[in-house]
Structure formats: structure tokens, C-alpha cells
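Number of protein chains: 2
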Amino acid sequence: MKTINTRRTIRKYSDKEVSDELLDRLLTEAARTQTMGNLQLYSVVVTRSMEGKERLAPAHFNQPMVTGAPVVLTICADYNRTSTWCRNRKAEPGYDNFLSFVNAATDALLYTQTFCNLAEEEGLGLCYLGTTVYMPQMIIDALNLPKLVMPVATITLGWPDEQPVLTDRLPTASFVHYETYHDYTPEDINLHYAAKEALEENRRFCEINNKETLAQIFTDIRYTKKDNEAMSEGMMEALKKQGFL
Amino acid sequence: MKTINTRRTIRKYSDKEVSDELLDRLLTEAARTQTMGNLQLYSVVVTRSMEGKERLAPAHFNQPMVTGAPVVLTICADYNRTSTWCRNRKAEPGYDNFLSFVNAATDALLYTQTFCNLAEEEGLGLCYLGTTVYMPQMIIDALNLPKLVMPVATITLGWPDEQPVLTDRLPTASFVHYETYHDYTPEDINLHYAAKEALEENRRFCEINNKETLAQIFTDIRYTKKDNEAMSEGMMEALKKQGFL
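Each protein sequence line maps, in turn, to chains C and F.
Heads up: the first sequence at position 86 corresponds to 86 in my numbering, and the numbers run straight through without jumps.
Heads up: the second sequence at position 90 corresponds to 90 in my numbering, and the numbers run straight through without jumps.
Hints in this document: simulated from the structure, not taken from any laboratory.
Among the hints, erroneous ones may be present.
Note: identical chains are not told apart, hence a pair may lie in one copy or across any two.
[Said to hold, decoys possible] Using 20 Å as the maximum straight-line C-alpha spacing, the simulated SDA-like pairs for lysine to any residue come out as follows: (1) 147 <-> 174; (2) 147 <-> 71; (3) 240 <-> 176; (4) 211 <-> 87; (5) 211 <-> 57.
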């Protein structure tokens, strides 16, 4: 995993195909990731057809990676397969509840990240679409997901056709605590965010958007309270409809 | 990541120390993992003291790995640091809602899995404790977690002092779907679970527990409806108390 220190999110892909063999190997190897009771509470929907990508695109705000990537993977928290297994084996499943969603989502996300690590080590480029949990019902409909299956992650995948600059990270001391959590003083915040705020691109970003601080870009434009509250409701409704609440 | 195909969960650790330098490097490298808006919505609490481990142990059903490991990491979904940054920068954060918990938990879990992959590649052994979401309030209290911080994963970490057998996995075809989700027929279930059910250790497991099927071990003993429902409530209460609901 020497690739970890130079990894970038890749949004533009070359025409080179991602072979079925390679994809299958990566999907298989990623499954070595630990899961709850070794139940593997996830499933992956592979979308290669343009028709399928076009059905998914609106749920991801029509970001061009969705139709532009040779492969789109939608990773789902899945208690349907396990529950079906139980019912077929004289066992009564009790997984239609919130904790079971959390358990299955955890399995699905850990699986997803091992897949990402493996794919990037192979030289593939990918973009993780956080939009998956914004309007999950659209994805549920597009992929025909039954009860107890919830989409939690989407990966667009292909061979890189760009090499963006390496993005910044907060200093490790900003997110690591020893023994107990030590809450942040204004001085801590200044220290931890100084480098990020000083970045030329972030200063330009503030200028273009007419904002005094970088933080305002997040609170006023990118991730607003209003949007978050509306999408929280949509997520809750989808969880209910899928039988997890 | 050649280690992926031979990885095992490690619950017994040698006396060899995990150095601060190595731990810090792994915690830093794992942070190359993509996060929402590059906000890194997570934090890690490192527990090395016996006192700290003993405070955490009950939340993990006193499994011996917690006090037996040289290092315990509790990884948290964290919107506190980002919200504090916002408030200190004339920006009004709107992250006290369910979607924001999902976003931060996602960041935290992806970070966790890259950490696991890096640590295992280094030769370290680890055990992922799913118990973290069972009684989160106990962990919140033990680690003094403020509002908008929720524990989502725990890793016990050390140099391996055992080499357990490789555990089984379901066939890849059981969890990969093409274009849309194809629900499982009884024949599919038989096909996908045949190898798991035929394993000598699983047959013995049924015998010891006086169960007719392996699935009943899960529904009747390991992950019961009653426990799941009680823990769903505890999780919801903790989310409310931490300000995410």
C-alpha cells in the first residue's frame, strides 16, 4: 500500500476497459475484510451499462463521473440475504431495526474501503460519491433494492486520465486524542486549521464565493443546515421504507 | 497489500511494544483516505493505560482483548471539531442532525479500514470490536466525548501472539449483483451457504448449542431480535444525547 501517500480522487477516466477478471478479483479480495459474525452484511451492485449509469446519475446530482466512468459500484448494507438464509433454515431473523442497519452499514463501508485500497494499489482511479446517502430512495428505485437493503456508498472506477494535485490534510495531532477526548480551545483550532486556511486555492475559493472565511463556504454553500435537515428526513424515510426503522 | 488474502483477526498479542512512532505514522497515513469535503469528520482516542482499558472493557462485554492489547483505538464520528472551527470563523454550523452523523460515521469507518489495512501490512494484528455501537453511552462516558462525537469503531492492536486458521467467506457471486439487485431464490441460498454450513467447525457449533441449523445460532443466540431492539433504542438515545437527533 505504498500508494496511500500519493492517492488522489480521480474523476476522469481513460477509455481503457476495466476487465471483468480484475474487477472480480478485487471484489473477492476485499471480502477478506472482517465483518460482524462473519456474516458479510453487504452487497455490491455493479453498473456497466450506460442506461444503468443514467438511471443512477440524478441521485448523484448528475456529476459527470457517474456516466463517465466505465464502472460504477453501489455498495449496500444488506440484511436481506442473511434474513432470507435464516427463514430458509427454520430461524426467525430479527434484523428489521436500527442497530442492524448500523451493523450492516459498518460491514459495507469497511468492505468498500478495502476495495478502494486494493483498486488504487492496482493503479485504478476512483471517486467516492458521498451523495449516496443524500437521496437514497432514488438509488433504491434505480437498482430495485428490496427491504433490508440500503445503499451506503458509491464508487466510480476506471483507469486514471488525470493527475490532480495532492490535497491537504489536517495535522495528525488535530484528530488524535490520548486516553480521553480533549476538547478544542480557540488556540487549538487556530493551530490545526492554519495551513488549510492559508492554502492559495482556499483563499481564492473564498474570494470567488464572496465569503470572509473558508468555514462559511461549508456552512453557507456546500453543507447547509437546511439541506442537511431535509436530507436527514429523506434518509429516515428511506430507512423506514427499507424496513430498518 | 499482499497481506489481504491471509489476514486473520488477532485477539492475542505478544509483549512487544507498539512504538509511538509506528502508531503515529499509521494514524497519519490512514488520513490520506478520502472524506466528505476533505473535512475529516473523525477523531481517534488512543488508550494505552491499563486504567483506560479497564474503563472501556465493560462496554465491550469484558472481552479479554481490550485489557490484553497494548493499544486500544476508539474511532469516533466527529462533527465537534469542525463545528468549533466554524463557530470560531463567523460561520454557523448546521450539523446537529442525522445526516451529519451518517456523513461523519462514514468518514470514520473508511479511515478505520485504511488504518486496519496499513497496520496488517506492517505485521500488526488487530481485532475489530463491533460492540462499539452496542452500548455507546458507556464509551462516551469513559472517553469524555462531547456533543457531536459518537464512537463508531474500536480496534485492539498489537503484535500477534497467535495464528488462527483462515476463516471462510461466501462466494463472490453471493454478494455481487449486475445492473440491478437480483433477489435470492431458495436455490441461490442453498448454493451460496453450502460451503459455510458444511464446515466442520460450524457443524460442531450447532451440536454444542443444540441447534438444528447454523442460522439459528445467529437468530437465537448471537444476534437476537430482543437484543437488537434494546440496543437500537440505546443507540438512538446516545445519538440524541450527543446532539445528532
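Results of checking the hints against the structure:
| no. | hint | in the structure |
| --- | --- | --- |
| 1 | 147 <-> 174 | between (40 Å within a copy, 17 Å between copies) |
| 2 | 147 <-> 71 | neither (25 Å within a copy, 39 Å between copies) |
| 3 | 240 <-> 176 | neither (35 Å within a copy, 24 Å between copies) |
| 4 | 211 <-> 87 | between (56 Å within a copy, 15 Å between copies) |
| 5 | 211 <-> 57 | neither (30 Å within a copy, 47 Å between copies) |
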